[in-house]
Structures are given as structure tokens and as C-alpha cells.
Amino acid sequence: MSNRRMDKAETEAIRDVLAGDRDAYRVLMDRHFCSVTRVAFRITGNEADAEEAAQEAFLRAYNKLPSFRRDSAFSTWIMRITMNTAINLVERRKRDLSYHAPRIADEPSIAEHTVLVADRQAGPEASLLNREAVSLRQAAMAELTPMERTAFTLRHMEDVPMAEIAAALNITSNSAKQAVFRAVSKLRRSLTPIAGGLR
Amino acid sequence: MKHFSEEELIAYQLHESQNESAISKHLESCSECADLSESIAETLRVFSADPVPQPDLEHNWQRLRGNLGVLTPQRSRSFDFLRRSWAWPSVGLAMAALILLTVFGVQIHRTGETKRNIAVNGHGPLTTEPRDPAIANHLDAAERLLTEVNHSSGALDDTTREQAHSLLLQNAVYVRSARESGDLAQAAVLENFGRVLTTLDNEPPTQHSAWRLRLEMNTSGLLLDIRILRQNDDHSQGVSQ
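From first to last, the protein sequence lines are chains A and B. Numbered according to the working numbering, the first sequence spans residues 17 to 215. Numbered according to the working numbering, the second sequence spans residues -14 to 226.
For reference, chain A alone in the conformation it holds in the complex (with noise of 0.2 Å):
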């Protein structure tokens, strides 16, 4: 994510766009989805959720495209409503609760909506330690709140800047630090017990 100014192809794109083409907006897509995807991936957790989510986003950033003002870049636009989208349907999801997307489990589930992920390459014994790693990471994040996960995942997996997480989640830079830390120190207890050298 970045605070480029947009270059030729997408200003003609968008303009393409706004004069009746609506393929032209596979330019920007192009160009976008995956990082908006791996934002997305990082809010929500999982692969499902996140495509859907960039669905969404991308779905509104064209309708809202005519009042696009080009005083900042595409990306950073496309990246605020995805972040906002993401984290919406986080909320949704919890407020959902017949809704389980699949989580990664040491055993799969059908009853329990729990997959296995298979590392061909490591052996049993390996396979065996990453699975219980990835169990622990993935229930420590779930005692996040959306918005520590979302400003947590960005600056540390995403390094984006903190300026840029406040302003895409309209909050003040030093909120936006705050969740993080919060989502580090309950991050770092939610691993004491386990880590031993943790504390």
C-alpha cells in the first residue's frame, strides 16, 4: 500500500470506466486484487472470507467511483474500503454464530467445519509441531478484536505505516497504536502458558 499518485493506466482506466466501460476496470483489478486480497486474508483469517471480501470491495469502490476524487491514489482508496469491508464481515461473522468457516484443526471435522492442511514436505514429526503451532496462532488471533487484528496484521505482517492504518480505519494514529499494542500483549499472554520461556 502506498501514497503513489496513480499512474497513466489507471487514470485512463477510471476514466474509461466512468465513460461507460466497465472493462476497463479489470485494469485496476489487475493490478490490485491480490494485495487487496492479502489484506483481506489478514483480516479475516481465511482464504473464503477474504475473496469474498475483496469481492465486496471492489464491487463498491465501482459504484462509488464516479464520486472517486483523484487527489490520492486508487490503492489507498481501494485499501480503506477493503479494510472497512473485511472488518465488517468479521463482526458479521461473530454475530453470526451458525456460521463456522473452515479453521485449520489437528484433526478435520466435517461436524466441527475444521480442516487439516497438508506440508508435503516435512515429516510426521514436523508436520505434527507445525500443526499445533498453527492451532495456537490461529486461537490466540481469534481472542482479537477485529480492529486489533486488523492494525496488528498490517503493521507487523503488511508494514504498512501507522498514518495509513488510522486514516483506513478513520481513527486517530495514536489509537491505531494502541490497538496494536493491545494485540501484542494479548498476543504474548495467550502464548505464556505453552512458550515456557515466554512470560
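The set of hints was computed from the structure by calculation and includes no laboratory data. If you're wondering where the values come from, they're calculated on a predicted model, not measured in any experiment. Glycine residues also receive a C-beta, built at the ideal position from the N, C-alpha and C atoms. Please note: incorrect hints may appear among the correct ones.
Here are the simulated EDC-like pairs of lysine to aspartate or glutamate, each with C-alpha atoms no more than 16 Å apart in a straight line [said to hold, decoys possible]:
#, chain 1, residue 1, chain 2, residue 2
1, A, K202, B, E(-7)
2, B, K10, B, E27
3, A, K110, B, E128
Covered stretches of chain A, going by a simulated chain B footprint (3 or more residues, C-beta under 8 Å) [claimed, not checked]:
#, stretch
4, 30 to 36
5, 43 to 57
6, 66 to 78
7, 173 to 181
8, 187 to 193
Ranges of calculated distance between the beta carbons of each label pair, as one might list FRET restraints [stated by the list, open to error]:
#, chain 1, residue 1, chain 2, residue 2, range
9, B, W73, A, E107, 24 to 34 Å
10, B, T144, A, T208, 33 to 43 Å
11, B, W73, A, S191, 25 to 35 Å
12, B, D35, A, I187, 19 to 29 Å
13, B, N135, A, Q154, 33 to 43 Å
14, B, G90, A, C50, 14 to 24 Å
15, B, N187, A, I187, 46 to 56 Å
16, B, G54, A, T27, 20 to 30 Å
Starting from the structure of chain A, add chain B where the hints point.
Using the frame of chain A, we list chain B on its own:
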């Protein structure tokens, strides 16, 4: 010796601290803070970035394209005409007309004028107008059911099928009231939803029934339509630039 708080050490590890050199110096002499700082660093290492699955661009584009309407740019409004001599009397007349329209507008609204539709998708136009809040619960339930249909791998369970049966009865009422109020967009989406519900209610539960339903009736597209209808109601979800 003054120790640093956990928050200060987290900021230090994330390179967000204003006090980096002082903390670094302190950690060399204080084992307690150094342990805490290392514990934070270890947590950050554990949660380092995992690989992210790559989306299928072509598939996603095809799915999105069906929901894209044809756009027109917003016209920028110029107020140059106000400089002309005839402008201010015209503005006065326009204001009087506006007041009259406001008075009679309420009456027109009550008689059920057809609502303006903007967004267009594969099944028919979607509205961007506010709607009756009573339908929000129905759309919510519809979204949950379609999400269940889209994510289930085998035959749908009895609870889901019972829910579909119950929604089918309610849906007919909402389709009718949408038509009566002139909201053709909402009526079109709900009619499509009604077809899915009817199929769910009548087909025997086989292992492939949910899969076939998804393919034949494009439940993913319908789910998106219903989400758009819901978003139109949700005033708090506005995205600012």
C-alpha cells in the same frame, strides 16, 4: 532503577518508540526488562507473516463483472451563471418552486412513486434508496442461509431446510410489499431468493443438491445482491476517502 512498561517495550520492538536509544541502553543493564523485551520479540517472531493464498484473478473477474453496471461521471457544477443579470430573479423563482415541491413531495411519496435505481447487476436493478427497516431482519436471515448454502460441502441439514421453509413464507410477503411500494429492484432480488428457497424446500436432500443449487441458481451472485440491499440500509458503513 526505573523500568520500562510493556507498552513501551512493544513500541520499541515495533520501532515505534520515541525513546529507542534510552530503552536500548537500559536493556543492556536490566535483565528484567531485557527478558520482557525478548518475550515480546519472540511473540512477534511467532506471528510473522504466513504465506497468503493467491486468488484466481480470472474467476474473480468473471464473478465481479456480472455485477457491474454501466457508470456515468458526476457532473461538476458551475455557478458562473449567477453572475448574469437574470440569475437572481430566477434563483428566487426556483426557491419558491422548491418550497412548493417540498410541500407536495410528501404527498407524492405517500402515493408510492417508483424508486430511482442506480446499481445494476446480472439479475436486475438494485436500489440505492433507503428502505423499510422492517425488512432488515429478513435480509439478514437470507444472507445467513445463502452463506450456509455456499459453504456447505454435503447435503444441507434439517435445520437449514426448515429455515428455508420458514423464510419462503415470509419472502412471499416481502416480495409483494416491495412490488406494492414500487421498489422493483428489491422485488427482483427477493423473487430470485424465493426461487432458491422453493428449490431448497422441494428437492430431496442429496449429497450434491447444495452443490447443484450453487451452480444452477448462482447463489454467490444472489448473496452479493442481498448484501448490497443490506448495505444500502446501513448508514454507518459509509467509506470516506
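Broken hints, numbered, in rising order? 2, 8, 9, 11, 13, 14
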